[in-house]
Amino acid sequence: MSKLLRRALKISIVPAILLIAGKFIGILCTSIIYNLNFQISNDLNGLFSVQIYYSDASTTLFVNSISNLVMVLFVALPLAYFIIKTTLYHTIAHNPRTIVKMTRFNMLRWITSKDTSFLTMFIWCAFLWVASGVSIAHTLQGSTYPWVGIVAGSLAFIASMFTIKTFEIETDNIYPTEHKYY
Amino acid sequence: MPSQKAQKFKKVLSLVVEPIALGVLALLFIIPTITVMNLSPITKKLQELNVLGANTQTTVSVTLVGGKHPILTEENLNKISDTSYEYSTLVAGRNADSYSKPIVEIKNNTDKAQKVSFYGQTANQTQSNIYLRTDDDDTAKKLQDDKGQTYIQEISVDPSSKVVVFLSVENQNGINFSTQFDMQIKVVENL
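Top line first, the protein sequences correspond to chains A and B.
Residue numbers 12 to 193, in this note's numbering, belong to the letters of the first sequence in order.
Residue numbers 1370 to 1560, in this note's numbering, belong to the letters of the second sequence in order.
No lab work stands behind these hints: they were computed from the structure.
Cβ coordinates follow ideal geometry from the N, Cα and C atoms, glycine included.
Mixed in with the good hints there might be a few duds.
Claimed, not checked - Derived pair list, reagent style SDA-like, types lysine to any residue, alpha-carbon separation capped at 25 Å:
hint	chain 1	residue 1	chain 2	residue 2
1	A	K21	B	V1385
2	A	K21	B	S1383
3	B	K1484	B	N1445
4	B	K1380	A	S13
5	B	K1531	B	N1447
6	A	K14	B	G1392
7	B	K1476	A	Y64
8	A	K14	B	E1387
Claimed, not checked - Over the 12 Å line for every Cβ pair with chain A, so calculated as not near, a few chain B residues:
hint	residue
9	Q1376
10	D1451
11	Y1488
12	Q1496
13	V1533
14	F1535
15	K1555
Make a model of the complete structure from these sequences and hints.
Structure representation (structure tokens):
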């Protein structure tokens, strides 16, 4: 088995778990905080038989929106951490001021190649696309507030931009542009 | 020789494992997506369950059908107690004709037949005949005649079944004013 595939499998496990956990925790916490009655029951019509039911449409809309937002944030926040870390890691090589600033804020341990590879960011970004896709699909179906879909879409777009930027930086290291090479 | 065999075995194994690993990677994306879609809550009337998980509803429920009607407007249904309801509607001005609308749905959640009584009248004398009909029995049950005389009517609902009740208004002459119609709905007894 190739090293790349093995790493991809290893990296994919955590965001996959976080995606499901985010949705489940979102539903559970919203129901507990707002004291909402729900029922877990069997529905043989769907792909899976277990379904969560709420008594009225407005409660369902509210819980679905909040749980979708929590799910997106569960994937987006670690990805934001990777983006910041990668940005710092690559900026530091060309900008001594950043080193000074990071020393002042006692963040020197952030300057490490760990978690700053393109593969890590790409896989996390792919899971963010999945989470955003689900949220946007629910928004279009009218089962989630529109602002949740907009936030999810915006986060996915911003993360994609940073992932592309990381890809460019990494390919630049392998195939340097002419002005850097000479 | 043994190392060559081992290398060959490793090569064959990697050829087998690689597609499986790719499948697992794909599943790592597909399974969370389907799970998340499935976890999305849906709306359904929650059942009242007892500690054993058996449904033990023992009531007769009356619900408003609703909807729009040109003559029977501003419908309202108030629950007074578990066995008593008050229905009201505004009967608008109309031409000489017969008008009908489904007004309430009676659901018998018990394991015995239930009798439900109806008693209603208009606020003003309109020289109209007012009847009740049900979806399973088209016989007209007169609530008020054209002279203003009122009658109590009863409808029987079978165990674990529901009946939709229609209100019919018939008048020989055109009527130019609206009038309020009030009706008491009571669950009489177990049959």
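Taking the hints in turn, this is what the structure says about them:
Restraint check: the Cα-Cα separation between A:K21 and B:V1385 comes to about 19 Å, which is no more than 25 Å; the hinted pair holds. At most 25 Å may separate the alpha-carbon atoms for a hinted pair to count; A:K21 and B:S1383 meet this at roughly 17 Å. At roughly 22 Å between alpha-carbon atoms, B:K1484 and B:N1445 fall within 25 Å of each other, so this suggested pair holds. Taking the CA atoms of B:K1380 and A:S13, the gap is about 11 Å. The hint holds against a cut of 25 Å.
Annotation: proposed proximity of B:K1531 to B:N1447 holds, straight-line Cα distance about 19 Å (limit 25 Å). Among the hinted pairs, A:K14 with B:G1392 is consistent with the structure: their alpha-carbon atoms are about 16 Å apart, no more than 25 Å. Taken as a hint, the B:K1476 and A:Y64 pair is honoured in the structure, with Cα atoms around 22 Å apart against an allowance of 25 Å. Between A:K14 and B:E1387, the direct Cα distance comes to roughly 11 Å. Compliance with the 25 Å bound is thereby established for this hinted pair.
For B:Q1376, the condition that its CB be more than 12 Å from all CB atoms of chain A holds, with the nearest at approximately 15 Å. With a cut of 12 Å on Cβ distances, B:D1451 stays outside the contact zone with chain A, its closest approach being about 20 Å. Separation of B:Y1488 from chain A is adequate, the least Cβ-Cβ distance of about 33 Å exceeding the 12 Å criterion. With a least beta-carbon separation of about 44 Å from chain A, B:Q1496 lies farther than 12 Å from that chain, consistent with its non-interface assignment.
Every Cβ of chain A is farther than 12 Å from the Cβ of B:V1533; the closest lies at roughly 23 Å, confirming the non-interface assignment. Listed as outside the interface, B:F1535 is consistent with that label: its C-beta sits roughly 28 Å from the nearest C-beta of chain A, beyond the 12 Å cut-off. Listed as a non-interface residue, B:K1555 keeps its Cβ farther than 12 Å from every Cβ of chain A; the least gap is roughly 27 Å.
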